[in-house]
Structure formats: structure tokens, C-alpha cells
Amino acid sequence: MQLKDLFAKKKKYASIPSEQAKKDVPEGLMQKCDSCQKIYYQKEWKKNLYVCPNCGRHHQITSHERIQHLFDENTFVEWDKELLSGNPLDFPQYEEKIEKDRVKTGLNEAVVTGEGLIKGKPCAVAVMDSRFRMGSMGSVVGEKITRAIENAREKKIPVIVFAASGGARMQEGILSLMQMAKTSIAIQRLHKENGLFISVMTNPTTGGVSASFASIGDYNFAEPGALIGFAGRRIIEQTIREKLPSDFQTAEFQLTHGQVDKVIPRQEMRDTLATILEIHQLGGVADETSS
Amino acid sequence: MKQVLEFEKPVIELREKIEELKRMTKDSEIDLSEEIEKMETRLKKLENNIYGQLKPWDRVQIARHSDRPTTLDYIQHLFTNFIEFHGDRYYGDDEAVVAGIARFNHIPVTVIGQQRGKNTKENIERNFGMPHPEGYRKALRHMKQADKFNRPIITFIDTKGAYPGKAAEERGQSEAIARNLMEMAGLKVPIICIVIGEGGSGGALGIGVGDHIHMLENSTYSVISPEGAAALLWKDAKQAERAAKSLKITAPDLKELGVIDEVIPEPLGGAHRDIAEQAKAIGSVIEDSLEKLMKLTEDDLLEERWEKYKKIGEVKERIQV
Ligand SMILES: [Zn+2]
Numbered sequence: 001m002q003l004k005d006l007f008a009k010k011k012k013y014a015s016i017p018s019e020q021a022k023k024d025v026p027e028g029l030m031q032k033c034d035s036c037q038k039i040y041y042q043k044e045w046k047k048n049l050y051v052c053p054n055c056g057r058h059h060q061i062t063s064h065e066r067i068q069h070l071f072d073e074n075t076f077v078e079w080d081k082e083l084l085s086g087n088p089l090d091f092p093q094y095e096e097k098i099e100k101d102r103v104k105t106g107l108n109e110a111v112v113t114g115e116g117l118i119k120g121k122p123c124a125v126a127v128m129d130s131r132f133r134m135g136s137m138g139s140v141v142g143e144k145i146t147r148a149i150e151n152a153r154e155k156k157i158p159v160i161v162f163a164a165s166g167g168a169r170m171q172e173g174i175l176s177l178m179q180m181a182k183t184s185i186a187i188q189r190l191h192k193e194n195g196l197f198i199s200v201m202t203n204p205t206t207g208g209v210s211a212s213f214a215s216i217g218d219y220n221f222a223e224p225g226a227l228i229g230f231a232g233r234r235i236i237e238q239t240i241r242e243k244l245p246s247d248f249q250t251a252e253f254q255l256t257h258g259q260v261d262k263v264i265p266r267q268e269m270r271d272t273l274a275t276i277l278e279i280h281q282l283g284g285v286a287d288e289t290s291s
Numbered sequence: 001m002k003q004v005l006e007f008e009k010p011v012i013e014l015r016e017k018i019e020e021l022k023r024m025t026k027d028s029e030i031d032l033s034e035e036i037e038k039m040e041t042r043l044k045k046l047e048n049n050i051y052g053q054l055k056p057w058d059r060v061q062i063a064r065h066s067d068r069p070t071t072l073d074y075i076q077h078l079f080t081n082f083i084e085f086h087g088d089r090y091y092g093d094d095e096a097v098v099a100g101i102a103r104f105n106h107i108p109v110t111v112i113g114q115q116r117g118k119n120t121k122e123n124i125e126r127n128f129g130m131p132h133p134e135g136y137r138k139a140l141r142h143m144k145q146a147d148k149f150n151r152p153i154i155t156f157i158d159t160k161g162a163y164p165g166k167a168a169e170e171r172g173q174s175e176a177i178a179r180n181l182m183e184m185a186g187l188k189v190p191i192i193c194i195v196i197g198e199g200g201s202g203g204a205l206g207i208g209v210g211d212h213i214h215m216l217e218n219s220t221y222s223v224i225s226p227e228g229a230a231a232l233l234w235k236d237a238k239q240a241e242r243a244a245k246s247l248k249i250t251a252p253d254l255k256e257l258g259v260i261d262e263v264i265p266e267p268l269g270g271a272h273r274d275i276a277e278q279a280k281a282i283g284s285v286i287e288d289s290l291e292k293l294m295k296l297t298e299d300d301l302l303e304e305r306w307e308k309y310k311k312i313g314e315v316k317e318r319i320q321v
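Going down the list, the protein sequences come from chains A and B. Residue 57 in the UniProt record's numbering sits at position 57 of the first sequence, and the numbers go up by one each step. Residue 243 in the UniProt record's numbering sits at position 243 of the second sequence, and the numbers go up by one each step.
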């Protein structure tokens, strides 16, 4: 473990609206839906968890906002917050890119892990954040997810992973690819002890993350409209020399093709997860006390 | 016509010149033996120079050489009684993956490998060695059988990647690969994986989680193709040579990164120069691996497999005060 003076720097928290958003609507006050273009007050938008009240489009939500919505108040404890990426391949400009995203998001890496209570039921969670390097999985993301699964196994609590990732982190090369194996072995160890693993695929869940832990939950869930798939649309179109339908690789497409158990709107996520956790907590024994 | 790679042209040209001189002396009175000898010394030196310090991009070219031996070539040399079995029992049979049982030095084993073709016709049959979900599910079916009957598993990795097609997505390419990673982690028999050509990303890893991972000296193993990385990074696929270096995809690179166990040496110029010799080198590494792994108890085997992958990656931890 290395300690670099770089890390002594104070963290900056800043929210930077996209260039497009700045142009279209008054900064920080209004928000426009990407899909139906309807404009909302920021407050209303946030309260609705970034889901358009008009058309139902699910927009990006930060990892911390998701956690805040999901867990009972003041129950979430974060794990391994201080794990930071190195530059194992000495890849050109990698450190600069990481630093830029740290400043932009206030996060140290593309996943937040920890434990807390969902309607009183304990569970571990890993929430990926696509604002950080497209949510790509490098050594730190792999390590944090692996540790979260291992912690859940040892504590005998369920683990829920919210995937939001473009895939492997190219700048960490083969080490990034091997995180697919590492996380999958952790899942295997959890399964062997009958631990519960719930995968929730959010926009986007593609490439190496889709082809590892995200697809092998005891339950595979998805948020409406999320892009979910292995290969990129453009690569497939180039390979097969035909245009793909617009719904290709959406959550609904994966539901139709048997890869997803259920598509769950963001507003219903907490309730649905709580119900599943409750049923699993009973473990086959009737509980007269709960209704 | 043999495929000649750009960097080895000087060697090939000199070799051809020597052959020509030899032919000339045969049909005439002139004695050129002294010249020929000199040239042969020069050839040796040139070969050592060129093949002794291959750049990553040179190795990429060798790994993609059209004559490079494939899984079935090695199976023929390394095993006896090989019987191939087909189908995933769900959808179909993927010819980009071969699977079967055989004996290795009398030991019953399960053999699985990605199979590409050496010409257009074969490549169309084998889908260029790029599996569909059926290929991964066929592989898993045979691995589970190996687990049931306590046979070690040997896999040969040789793919540009899992096939990026519409049907592959519809049938769950992601799930097929992911399931293999998880299931391979739990198999109670030794798993030895050998990268013999190109190890392309998740598609390679889909039969690549094991106890010992070896690579042929001129094979590559990468999260993305050099061309793909170059297009993303520098918006120019022609920068692939540069990307091949930055991505660290060669066998010596992966050995240094602690991802693989052994680099298996190749004959000068690459595996295609002498398949029998190459197979022998692979055989001796398999033998070593089997000897070490078959001694372990089931628990130790699984524990060591976990420990192996657990430590892969570079992570820095800031200590909080
Ligand atoms: Zn809308």
C-alpha cells in the first residue's frame, strides 16, 4: 500500500451540469427530460428520482442519491472509501483522467460499497456510478465489489449490486479483465454458502460487467429503458452489416429474451427489494408477526 | 504460399538467397560453399536478432499468423483417444468451440478449446473462432461432467473474442460467459488454461478461469484488441502498434503483471515453424501443472484458485487518521 502526498489534497465536491443542460434551461433551477423534452423544476425532478413524470424516462442518478433513497435514514455505512486506483500499466494520461473524475464527482472511484438497512432488513450493497470513467471496472472497482461480496458472505447478509458500467477499464488492460474473474469467484463463494445476491442492471450495463457478476444474480433486475448487453451496438452493426432495432439491448429486450427476472421502476425499487429481503429472511419458516 | 510477416522479411529473403545459391551449385561446376557458409552464419545472426527481440506488435502478427497451430492441431499431438462431443443441449452446436475427452499420459482429461480455421472455408464453419453463447454452454456442460467424473480440465484459448452478433445477444452472450466464470471458480478438479493464439477479452476468459494459466511466448491476451483501443484512444485504428505496447498484452508482460504462471517458449519464428516441437513444450508444462495440482485436496485447490485471482490488480489504500 502506497501513501502519496497527492491524497493529502482536500476533496472537492462540485456538480457540473452538462454543456447542453446549461444552454437549454436556467442552470440549477430547471431540468429538461432527455426523452420528451418536458421541463421540470429541479426540486420536483430530484424528488421524482430523476424519472420523468411525463414519459417515465429514467435519467442518471448518482450513487449517493441512490443509496439515500434505498436505505433507512442514517443506517448506511460506507466501506473501503479510501481505495484508490494506481496506474499499473503506466498508461498514458490515465492518472489525469482519474483525477478529473474525482474532482467532477467527489468520488474516489466508480463504485460505492457498504451496508445498511432497507426497511429494517440488513444488506450489503455496491452501487456503481457511471459518471466516473463510465463506471468502468478497473482494479479498485473489482476489489471493492469483491470485498463487499466477501463481507456479505462473512456477515451472512444479502448483497445487492447496482451495475452501471460501460465495461472493463481499458487503461488497466488485463488487470481490468481479471476483475471479471475475481468478482465472479466471490459470487461463487457466496452461492456455496447459500448467500443471496441480487443484481440490478441500470443504464448502462455492458461489456465486462454485463459478462460477469451483473448477469448471474439469484435475481436479475433492471431499470426501465436501461441499455444492457455484451457487445456495443456499433460493433454488432458493423459485424452483421445490418441495422439493429431501436429497442435492441434495452431492459425490456432482455426481459423478453429471458435474461432479466423483472423490470422495476426506480420509485418501486426500495419496496420490491424490501419484500424480497423479507421473504428470504424468513427462509421457509412462516412468520405470523408480519402482515 | 506461406504468409510472410513484415518484420521477418530480411530473414526470409536471406534464406531464399541461400536456397538459390545451393540450387545453382548443384547444377554447375562453380563451388560456392564458402559463400553459402558465410551467408548461413549471417542468417543465424539475423534470426537471433529479429526473433530474439520481438516487439509487442510483432508478436501480435505471429499470434494471428494464418498457419499458426490451432486447438485441434495440439490435441492431435498431445492426447490419445480424443473423442469430440457436440452440442450445448439447449440450442445447438457451436463449431467455434471443440470439447471432448481424451488421455494425457494415460490420465483421463476433458479438453476444451476455441477453434478457428486456417482458410476462409474453415473460418466460416468455425465462425473465425468467435463463440456464440452455445459455445460457452457446451464448454460448461463438459466442464461439469469433468467435475462429476473427477477429470482434470485443459482449455486452449484462441479467440479474437466472443462473437458480437445479434443472435448472440438475444441468446444471452453475457450470461453464458458470466456463468462460466462463476462455475469454473467452483469446479473441484484441476483446470489448466493455455493461451495459444489470441486471447480476446471476455470471450477468452469464458473458458479461462483456472488454477494455472499459461501462455505461448507469442500469444496475446488483452481486454481489447490493439485496433479497438487505438480507435477509442486516438480515434485511429492505425495506431494499433502503439496500443499493443501500451496495453501490455504479450506473454512476458502478463507474466510480469502476475496474471499468468508460465510463458511457454516457441520455436524460432513462432509455433507454426514446428508444431511437433511446440506441442512437446506445451506437453511438458501440462505435465508439471497436473503433477502439482492433482496432489492438492479439493479444498486446497479451490482456496488456491481464489487466492490467485483475489490478489490480481493494483489498489492503493489511503489510511484514514
Ligand atoms: Zn420525459
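Note that these hints are calculated values from the structure, not bench results. Just so it is clear, the structure is predicted and the values come from calculations on it, not from any experiment. Some hints here could point you the wrong way.
For lysine-lysine, the following BS3-like pairs were computed, each having C-alpha atoms within a straight-line distance of at most 27 Å [unchecked claim]:
(1) A:K81 x B:K316
(2) B:K45 x B:K144
(3) B:K55 x B:K238
(4) A:K97 x B:K238
(5) B:K310 x A:K81
(6) B:K148 x B:K118
(7) A:K192 x B:K292
(8) A:K262 x B:K311
(9) B:K160 x B:K148
(10) B:K311 x A:K156
(11) B:K292 x A:K243
(12) A:K100 x B:K316
(13) B:K144 x A:K97
(14) B:K9 x A:K156
(15) B:K38 x A:K100
(16) B:K118 x A:K104
(17) B:K255 x B:K310
(18) B:K310 x A:K192
(19) B:K245 x A:K97
(20) B:K26 x A:K243
(21) A:K192 x B:K295
(22) B:K188 x B:K9
(23) B:K26 x B:K45
(24) B:K295 x A:K155
Practice item. May I ask which of the numbered hints given earlier this structure violates, with the numbers listed in increasing order? Key: Structure breaks hints 2, 6, 8, 9, 11, 13, 14, 15, 16, 20, 22 and 24.
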